[in-house]
Amino acid sequence: MKYVDEFRNPEAVARLVEAIRQRAAALPPRQHPWQLMEICGGHTHTIFRFGLDQLLPDNIEFIHGPGCPVCVLPQSVIDQAVALAQRPDTLLCSYGDAMRVPGHHGSLLQARADGARVQVIYSPRDALDMARRHPDTQVVFLAIGFETTAPATALAIRAAAREGLTNFCVLCHLVLIEPPLRALLADPDLRIDGFVGPGHVSLVTGNAPFEFIPAEHHKPVVISGFEPVDLLQSVLLLLEQLQQGQARIEIQYRRVATTQGNPGARAPVDDVFEPAPLAEWRGLGKLPRSGLQLRPGYQAFDATHLLPDSPAPGTLPTADSTTEADPRCRCAAVLSGKLKPGQCPLFGRECTPDTPLGALMVSSEGACAAWYQYRHQGPAHGAH
Amino acid sequence: MKYVDEFRNPEAVARLVEAIRQRAAALPPRQHPWQLMEICGGHTHTIFRFGLDQLLPDNIEFIHGPGCPVCVLPQSVIDQAVALAQRPDTLLCSYGDAMRVPGHHGSLLQARADGARVQVIYSPRDALDMARRHPDTQVVFLAIGFETTAPATALAIRAAAREGLTNFCVLCHLVLIEPPLRALLADPDLRIDGFVGPGHVSLVTGNAPFEFIPAEHHKPVVISGFEPVDLLQSVLLLLEQLQQGQARIEIQYRRVATTQGNPGARAPVDDVFEPAPLAEWRGLGKLPRSGLQLRPGYQAFDATHLLPDSPAPGTLPTADSTTEADPRCRCAAVLSGKLKPGQCPLFGRECTPDTPLGALMVSSEGACAAWYQYRHQGPAHGAH
Amino acid sequence: MCLAVPACILSISDARHCLAIADSGGVQRQIDLSCVTGDIAAEDLIGRWVLVHVGVALAVISDEEAQASLEIWSQLQDLP
Amino acid sequence: MCLAVPACILSISDARHCLAIADSGGVQRQIDLSCVTGDIAAEDLIGRWVLVHVGVALAVISDEEAQASLEIWSQLQDLP
Amino acid sequence: MARTERISLAQGSGGEPMQRLLRELIWPVFANPILARQEDQARLAFELQPGEQLAFTTDSFVVTPLQFPGGDIGSLAVQGTLNDLAVGGAVARYLSCGLIIEEGLPVALLRDLCLSLAKTARDAGVQVVTGDTKVVPRGAADGLFINTSGLGIIPAGINIGTHRLAAGDSLVVSGPIGEHGAAILASRQELAITGDLRSDCANLSPLIQTLLPNAGLHALRDMTRGGLNAVLHEFAEAAGATAVIDESAVPVRPAVQGLCELLGLDPLQLACEGRLLAVVAPDHAEHLLQCLQAHPMGQGAAIIGRLTPKRNVPVILNGLYGIERALPPVSGELLPRIC
Amino acid sequence: MARTERISLAQGSGGEPMQRLLRELIWPVFANPILARQEDQARLAFELQPGEQLAFTTDSFVVTPLQFPGGDIGSLAVQGTLNDLAVGGAVARYLSCGLIIEEGLPVALLRDLCLSLAKTARDAGVQVVTGDTKVVPRGAADGLFINTSGLGIIPAGINIGTHRLAAGDSLVVSGPIGEHGAAILASRQELAITGDLRSDCANLSPLIQTLLPNAGLHALRDMTRGGLNAVLHEFAEAAGATAVIDESAVPVRPAVQGLCELLGLDPLQLACEGRLLAVVAPDHAEHLLQCLQAHPMGQGAAIIGRLTPKRNVPVILNGLYGIERALPPVSGELLPRIC
Ligand code: SF4
Ligand code: SF4
Ligand SMILES: [Mg+2]
Ligand SMILES: [Mg+2]
Ligand SMILES: [Mg+2]
Ligand SMILES: [Mg+2]
Ligand SMILES: [Mg+2]
Ligand SMILES: [Mg+2]
Ligand SMILES: [Mg+2]
Ligand SMILES: [Mg+2]
Ligand SMILES: [Mg+2]
Ligand SMILES: [Mg+2]
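The listed protein sequences correspond, in order, to chains A, B, C, D, E and F. The first sequence maps to residues 1 to 384 in full-length UniProt numbering. The second sequence maps to residues 1 to 384 in full-length UniProt numbering. The third sequence maps to residues 1 to 80 in full-length UniProt numbering. The fourth sequence maps to residues 1 to 80 in full-length UniProt numbering. The fifth sequence maps to residues 1 to 339 in full-length UniProt numbering. The sixth sequence maps to residues 1 to 339 in full-length UniProt numbering.
Rather than coming from a laboratory, the hints here were simulated on the basis of the structure. There could be a bad hint or two in this list.
Stated by the list, open to error - With a Cα cut of at most 25 Å, we get these calculated DMTMM-like pairs of lysine to aspartate or glutamate:
#, chain 1, residue 1, chain 2, residue 2
1, F, K310, F, D283
2, A, K340, D, D63
3, B, K338, C, E71
4, B, K2, E, E261
5, B, K340, C, D63
6, F, K310, E, E24
7, E, K119, E, E5
8, B, K2, E, E24
9, B, K340, B, D79
10, A, K2, F, D266
11, A, K2, F, D283
12, B, K2, C, E65
13, E, K310, F, E24
14, B, K2, E, D266
15, A, K340, A, D354
16, B, K2, E, E5
17, A, K340, D, E71
18, A, K338, A, D79
19, B, K286, C, D39
20, A, K286, A, E216
21, F, K119, F, E5
22, B, K340, E, E324
23, A, K2, D, E64
24, A, K338, D, D39
25, A, K286, A, D79
26, A, K2, D, E65
27, A, K2, F, D196
28, E, K310, E, E261
29, B, K2, C, E71
30, A, K2, F, D246
31, B, K338, B, E350
32, B, K2, C, E64
33, A, K340, A, D79
34, B, K338, C, E43
35, A, K340, F, D283
36, A, K286, D, E65
37, A, K2, D, D63
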């Protein structure tokens, strides 16, 4: 596929790896490796799928960040989605990613097995089509995602408003990338040296959400594409900045991302949504102004009205929050690069992709899930 | 079964047949046989099932009357039921009998095969239970029947009103026995000599609907039970009256029927229903005051409100009436005893129980259907 | 029309709504007694036979009348 | 997060709602162009490549930048 | 979480959850060395002696409810297929088992039904040697459907079938009719009927083995959908004859008759799952009846009529009062009547 | 009335409407003298030579939609079962056919699907000798389910199976993978995807017949649910070995890859219905590959890896850049991803 195959070219990869090796060797020597956090789960996926971490020299290490909207989905949102799906007249539409995420009373997959109506869709527009085709069914779209995914949701809501569709609404858990990064970087023990920035968020937002990283924490950021060549180029660019003691935002993913982002994608979002005072994150707790909520003019599309104990309109669901299901969970330490997934006492034992206990085991993009699937299949095979 | 087996006793039947033979022989001689009309399809069923007509002497003949609520159901009511069943949120509950009756666009069975929601029930209470169990579904009960069946419908509607059930309503085609009998007897050519009265209507109504027969037409009526012994006793009683030139109402079915009927069964009907100005009958056309409609206080339970071109509240459905689907149909002549079913040119050819064209082929209680099933299986086997 | 079957009242299942369990030839179903409790209390119908149509008892069966009916034919042999 | 794929615009399927048919590696799906038609008319995107996420085109791919990106590694052999 | 453990679509995916379902539930239940090889096909070291024939049959079972008085879909799925082998004179040897499971079926129920299937097979001395398990989404099936196919051997010298039917033959049923159909109807929630109704479902092979030596035996059929009525029509048509039945000779249990009176149905149309109709030369009928009645499964057997030269209808009922009437074929779904 | 003629529940009742369905639609389509006897079981004058084994298999087919690019449920129901016989080295002879039809299925569609089934069987030289037809109410099935069971003969001397798998064996696929799964996914309305996607479904027997003479052939498997991934795990486990696959050697057509990129799926998990994995002694692998490539159905064949002595995981993928990673087993239903 164009713009894919070229960026997987083994020769390019080999040369980049060699360049990284040389550049890494030129870095000042120190005891622990240089840690680069890929913020986005998509990058984590590429790293594991192609084994990029194993191509890096010993003194360079990837740390897997919080940027997977599924991993950070709190149980309370799943609980609400399950409750809505169980309503007899309601069809809950969800991205496939959210189907396995466990709430307090099981996942959407389990709810469907128990009789709730749940439909996996690819695009918010597919949920809209469901509502159009089944006027007697209340269609609820479980809208999750970061800034990249918000425009599609906003466009669907605007289309529903334009058509006067009354049987379509949205259970909204759209979140923003900057607040969790700020929370992470506030940790005084954080050892991360540089950041691989999420290219698909950036092409919408531009550099804005990441500017505080060099500005306030003096760490470099490279906005990266998702193919191996992209990622390795980004690593190379980060190493260059580190070697030169620089800390600025660079864009590797220039074929789509710009400093300013895409205002055409932000416009529908700004029209339909406003920042929510608080949003809950699995593994991170509640973060102020970290989510989006429907503006007053779009309240009619808020699915929380259908819930029995509906919260005040316009607030993100926060009831009955548990940020971590199990106190032994070491997600926070893994997230901040202090522990490898396999070093969590639950890893591969109680916590597996089929029975995830922590946020990072939930989606195949989560650091622990990726580690489990590509490196191990359970503790019997040892920690590495 | 008690009150059933005794009344099928072969010895009793043999003695009754012999007594009838003797009594018939004593009747004044005449060219055509003495014709006794059993008003009720239930009697027709017993006659054919046990072959009672073949036990009668040659000068006594049964004529099969109009008393089958399914046979007389007009196509327009089926059309309405089908339209309601096709609504996505609606479940239509019907007695099994009405499932095969063809409307203009097929039967309820066909509608169900095409995707409409239809449930066969045994009692109106079962329809009510459906509404209770499925609060998100609009349950429509297709209420057909004569005076016998009206009380159960009335009780269900009263229960729904008491409980405040808003998802239960009734498509009502309850009809009365007297108007079609009056229409029949108004025919100056009618040759019928006496009537076997419908015991299960009578036990509700008492003698009232039949009093005009001896009074205005000087023909005897015997209210009869439904087992062979009942029917043959009734024939014997009719022959006695005929022999003696009498014409009065007698009750053979005294174990349940009385002159006054059951006021306890009429009370809920009077509470919920009132006579409708007009009702339509398949094969008989529109007859004044021949049906029941909901009283103003129970309008909320009228399913016709759900129909797109809902008629004025409280009128029986009469739109788009066709009293006979095919002009060649000879139902009227069969009903009045002028023709045997097999003499209709459509019988067993175009008109069969699977593809009924006339009213009398619709239900297994109809004269033509009974004739077809028990005597023939198509024209290939000849007319007898 | 109006298929109705004799059934023997076994018990009152819901006194408030006048519902009973009745047996017809070995099968049981809930039926509504409210049309036949004008002159007789529901409990007093236990053990009595009623005639049931679409789940509603429409008459209490008179055993005397039934026997009388059955006696007619036994007298018939004396017929002339 | 945010799986996005390059797709080539084949045709405009619904001009009023800014919908187009796009091809990704031989499979076609309807996508929404309304986020990328600020500077360019929908019809002018036919034959161009966009990046699609959950059915919405979020960026027009700059082929020049892509080529530039790819040239970096061919220059790498000259690296010290 | 006190969720009922339920079957998920994942368990039909071909992956690990499905392997686990097979390993933990399906294979242990059916345990035998042929199945244990986990190949795509059972490999049977079959031997056929000269004159022996292989009998092969299939049936899908779609009964609702899945468990009913007297049996369940698991036992029925074995009995029905064994009966289809047995009525051809075959000795059953091997079964296949294809499960189509609706997402959401409680795992405990599935296990019970599979155990019932396996036990019924074991009791009959047959092995389930090959199988298939599919899971379909909620609403795409009705709990569980089971297909079984059966393999058996028809010994040399056995020659029964519709080709041997002849006018004059006697018609014998092995017991009271309609009990499976009545039990199923009553079990359906919407009719809310209870009573002394039990399915007659049974493996007829042991009974049939006692009948095969009868030289006058012409044909056997288990009466399933459409009941006695359907088999009479099938046999009459195959023989080019008319079946004449003495209505009062047909055994019907009181509760079945009661249900039929209540709902306006005809017991002759109700399904059986453990009754057969035997057609036998008239001079061998008494002996066949005695054989049937001597067996626990045939105690209620009765001679109910005979095949006669073809008349104007295929089946005639001779009623209580000696009047003959046509018995029309079953014309569709069984619908309760109110009139 | 311009109604589409649709299947009604009456046609599953055992009565006249069902007889008519069988007489007018089912039997003519499958016409053969064994089925024409209309007994409850097929009677097969089977002969087994010494050393021959009988192969017996069953599969239910529940594919949605019923017709898809490249095939339909009817052709698939034959191909799937024939493939399960063929991978054991058997020559297929007879099929059973159990239909479970949802009330409301258009009769014309049912006829087309049955014709397709019958044609596929005829083209493969097998007869459908016994069958069963059930109709279930609307909402109790998903249009049509078909079960087929198959009978075949494994010639003397054929000995392939998982018992012969050994570390060192080469792994060979017969063509590009995942095409059936991709075509089915794309056909589903809710994803609204079109493209150059056709099911690979095919009867593999002719291809397999050309492979059986290869003395190094150890085992064959058609890759169905769970795709190549599932068969690799099954074989690795059965062999007590680890399968090591060269990721870039696995043939995947561009449109299948495109669909996978779009939906975040892995082609190794997508079902095939006309591809096989062959396991062969390494010194016979080249010859097997040539045999495959010489046959029209095996033109895209490729050696994709080998069995190695057991390592810490059952299946290892050797990636584009020479990095090994575990290939986890399919963990459930295929769900499209957005992240
Ligand atoms: S193994 Fe589970 S609990 Fe432990 S860090 Fe990973 S996701 Fe969290
Ligand atoms: S055969 Fe049909 S059309 Fe003729 S009289 Fe009878 S019901 Fe009417
Ligand atoms: Mg069979
Ligand atoms: Mg059978
Ligand atoms: Mg059978
Ligand atoms: Mg299988
Ligand atoms: Mg269901
Ligand atoms: Mg198989
Ligand atoms: Mg298979
Ligand atoms: Mg297979
Ligand atoms: Mg069958
Ligand atoms: Mg369906």
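Here is what the structure says about each hint:
no.: 1; hint: F:K310 to F:D283; in the structure: 21 Å, holds
no.: 2; hint: A:K340 to D:D63; in the structure: 39 Å, violated
no.: 3; hint: B:K338 to C:E71; in the structure: 36 Å, violated
no.: 4; hint: B:K2 to E:E261; in the structure: 12 Å, holds
no.: 5; hint: B:K340 to C:D63; in the structure: 39 Å, violated
no.: 6; hint: F:K310 to E:E24; in the structure: 24 Å, holds
no.: 7; hint: E:K119 to E:E5; in the structure: 23 Å, holds
no.: 8; hint: B:K2 to E:E24; in the structure: 54 Å, violated
no.: 9; hint: B:K340 to B:D79; in the structure: 30 Å, violated
no.: 10; hint: A:K2 to F:D266; in the structure: 19 Å, holds
no.: 11; hint: A:K2 to F:D283; in the structure: 39 Å, violated
no.: 12; hint: B:K2 to C:E65; in the structure: 14 Å, holds
no.: 13; hint: E:K310 to F:E24; in the structure: 24 Å, holds
no.: 14; hint: B:K2 to E:D266; in the structure: 19 Å, holds
no.: 15; hint: A:K340 to A:D354; in the structure: 20 Å, holds
no.: 16; hint: B:K2 to E:E5; in the structure: 48 Å, violated
no.: 17; hint: A:K340 to D:E71; in the structure: 35 Å, violated
no.: 18; hint: A:K338 to A:D79; in the structure: 31 Å, violated
no.: 19; hint: B:K286 to C:D39; in the structure: 39 Å, violated
no.: 20; hint: A:K286 to A:E216; in the structure: 22 Å, holds
no.: 21; hint: F:K119 to F:E5; in the structure: 23 Å, holds
no.: 22; hint: B:K340 to E:E324; in the structure: 19 Å, holds
no.: 23; hint: A:K2 to D:E64; in the structure: 14 Å, holds
no.: 24; hint: A:K338 to D:D39; in the structure: 46 Å, violated
no.: 25; hint: A:K286 to A:D79; in the structure: 17 Å, holds
no.: 26; hint: A:K2 to D:E65; in the structure: 14 Å, holds
no.: 27; hint: A:K2 to F:D196; in the structure: 17 Å, holds
no.: 28; hint: E:K310 to E:E261; in the structure: 32 Å, violated
no.: 29; hint: B:K2 to C:E71; in the structure: 16 Å, holds
no.: 30; hint: A:K2 to F:D246; in the structure: 23 Å, holds
no.: 31; hint: B:K338 to B:E350; in the structure: 21 Å, holds
no.: 32; hint: B:K2 to C:E64; in the structure: 14 Å, holds
no.: 33; hint: A:K340 to A:D79; in the structure: 30 Å, violated
no.: 34; hint: B:K338 to C:E43; in the structure: 51 Å, violated
no.: 35; hint: A:K340 to F:D283; in the structure: 43 Å, violated
no.: 36; hint: A:K286 to D:E65; in the structure: 39 Å, violated
no.: 37; hint: A:K2 to D:D63; in the structure: 10 Å, holds
Against the hints set out earlier in the document, violations occur for numbers 2, 3, 5, 8, 9, 11, 16, 17, 18, 19, 24, 28, 33, 34, 35 and 36.
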